[in-house]
Structures are given as C-alpha cells and as structure tokens.
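Place chain E on chain U using the hints.
Protein chains in written order, with our numbering: chain U, 1 to 117; chain E, 118 to 232.
Calculated from the structure, these hints are not laboratory results.
Nothing here was measured: the structure is a model prediction, and the numbers come from that model.
Think of the CB as a built atom: it goes at the ideal place given N, C-alpha and C, for glycine as much as any other residue.
Worth double-checking, as some hints may not be accurate.
Unchecked claim - Computed spacing ranges between beta-carbons, pair by pair:
hint, chain 1, residue 1, chain 2, residue 2, range
1, E, P125, U, E71, 36 to 46 Å
2, E, F192, U, N41, 21 to 31 Å
3, U, Q116, E, G133, 39 to 49 Å
4, U, H10, E, S198, 27 to 37 Å
5, U, L56, E, E171, 38 to 48 Å
6, U, Y39, E, F192, 26 to 36 Å
7, E, Q158, U, E71, 20 to 30 Å
8, E, S118, U, L7, 22 to 32 Å
9, U, P79, E, T196, 38 to 48 Å
10, U, Q45, E, F192, 20 to 30 Å
11, U, Y39, E, S144, 20 to 30 Å
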Amino acid sequence: AQSVTQLGSHVSVSEGALVLLRCNYSSSVPPYLFWYVQYPNQGLQLLLKYTSAATLVKGINGFEAEFKKSETSFHLTKPSAHMSDAAEYFCAVSAAYSGGGADGLTFGKGTHLIIQP
Amino acid sequence: SAVISQKPSRDICQRGTSLTIQCQVDSQVTMMFWYRQQPGQSLTLIATANQGSEATYESGFVIDKFPISRPNLTFSTLTVSNMSPEDSSIYLCSVEVPGTGYGYTFGSGTRLTVV
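With the rest of the complex left out, here is chain U (with noise of 0.2 Å):
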C-alpha cells in the first residue's frame, strides 16, 4: 500500500523567494512519484514525475524535484516565486507505471500554495 503526506495544506511565500513544498511518502514497493497543479477551476496538470532514473527530476514552468530514497521524500522546490504559481499542488504516489500495467495515484491532501507580492 501506498501512502502520502504534505506538510503544510498551505505555504505562503513573497514574490521572487523560494518555493518548497514538502512530499514525503510510504511505499511496499519501489515507488513512482509526481507532482500535479491544480489552478482554481482548473483541472490537473502534471508538473514533473519520477520514474527511477535520474533522481534529481526537472519540470515545467521552473520547478523541480528530488528524490531521496533514504528520506522517503520527493520536495517540490523553485528558486523564484511568481504570481502566476499561486495554485494547489498535489504530490501523489504509485506502485506500478507504465506498460500497460500502471496503477492508479495514491494523492496527498495537496499545499496551496499562496505567493505574497
């Protein structure tokens, strides 16, 4: 069984700062990890994902990733804030992935994240 937790349902962070938003999960297997946005109204758009390859995992719109097995946590950072990634971000889990065998997503309860101007 699968499992995941987000620290912080939400994070407020100025214009231009850091952005880091926490995921760390529970995995009876090797896990495949990612990350979706959700804007208000909106449906859900992946932002990156881990695979097992490379650990350090680069996404769209600046964000990135990195998967720390000894951590069990997959941190969702970006180095400058803007306006526009005011949303709520999902971290989500699966056991299996691809080749016409995937599971489906384990979410977390997802961080809003706030971007103070």
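This is chain E only, laid out in the frame that chain U set:
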C-alpha cells in the same frame, strides 16, 4: 499526451437519481481510472477500469453505487447511483498511455451538485 473528453462538465441533480459520466480518450489505453474530488479535498481513486473485465474498486467504493462500463479501449462511463448531497464532488477520469512518458493525464472533470 492523451486528450480526454469528459461529459458532462457539470450537472445539478435531484437526490435519489443517477448520473452517468462519459470519458472518451483519443488513444487506446489499457487502464482508465476514475477519481472523486470532494469540495476542498484531494483526489481519491474510485476504481480502475480495464477493458474486457470487471472494474476494480478501492476500499469504500462499491459497484452498486458507482457502476462502471468499459466497452472498448477508448471509452468508459461512471454512473453515480441513488445520489445524495454527500455525492456532490468533482469526478475525474484519467489514463496513462504506455510508452509516452507523459504520466497520467486527467480529464477536465464533472462537477456534480446533488440537491
């Protein structure tokens, strides 16, 4: 990535009735996934629909309440049966197209309000 068309985009329904949500994908996929997002909450997997077999339901979800059809490799429906106000949520379908590396793609969702 795959393009998913989900219908209806929103609906307001009377309690005790049923609503069928359709999900059409522009690629053939083995697995289609249905999620629920309750107001202000995260997404929860309802079931996995595999073409040619019965859907697999997650704990807390049952076929009588959420029957699923999967008649071919590009289409699925989810029915929310005997609705109550507690069923008011956004329902989303999702697919993962093997070999594309795009991750899981989500439909735009169906916003259901039960009155």
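Hints and how they fare:
no.: 1; hint: E:P125 <-> U:E71: 36 to 46 Å; verdict: holds (43 Å)
no.: 2; hint: E:F192 <-> U:N41: 21 to 31 Å; verdict: holds (26 Å)
no.: 3; hint: U:Q116 <-> E:G133: 39 to 49 Å; verdict: holds (46 Å)
no.: 4; hint: U:H10 <-> E:S198: 27 to 37 Å; verdict: holds (36 Å)
no.: 5; hint: U:L56 <-> E:E171: 38 to 48 Å; verdict: holds (41 Å)
no.: 6; hint: U:Y39 <-> E:F192: 26 to 36 Å; verdict: holds (28 Å)
no.: 7; hint: E:Q158 <-> U:E71: 20 to 30 Å; verdict: holds (27 Å)
no.: 8; hint: E:S118 <-> U:L7: 22 to 32 Å; verdict: holds (29 Å)
no.: 9; hint: U:P79 <-> E:T196: 38 to 48 Å; verdict: holds (46 Å)
no.: 10; hint: U:Q45 <-> E:F192: 20 to 30 Å; verdict: holds (23 Å)
no.: 11; hint: U:Y39 <-> E:S144: 20 to 30 Å; verdict: holds (25 Å)
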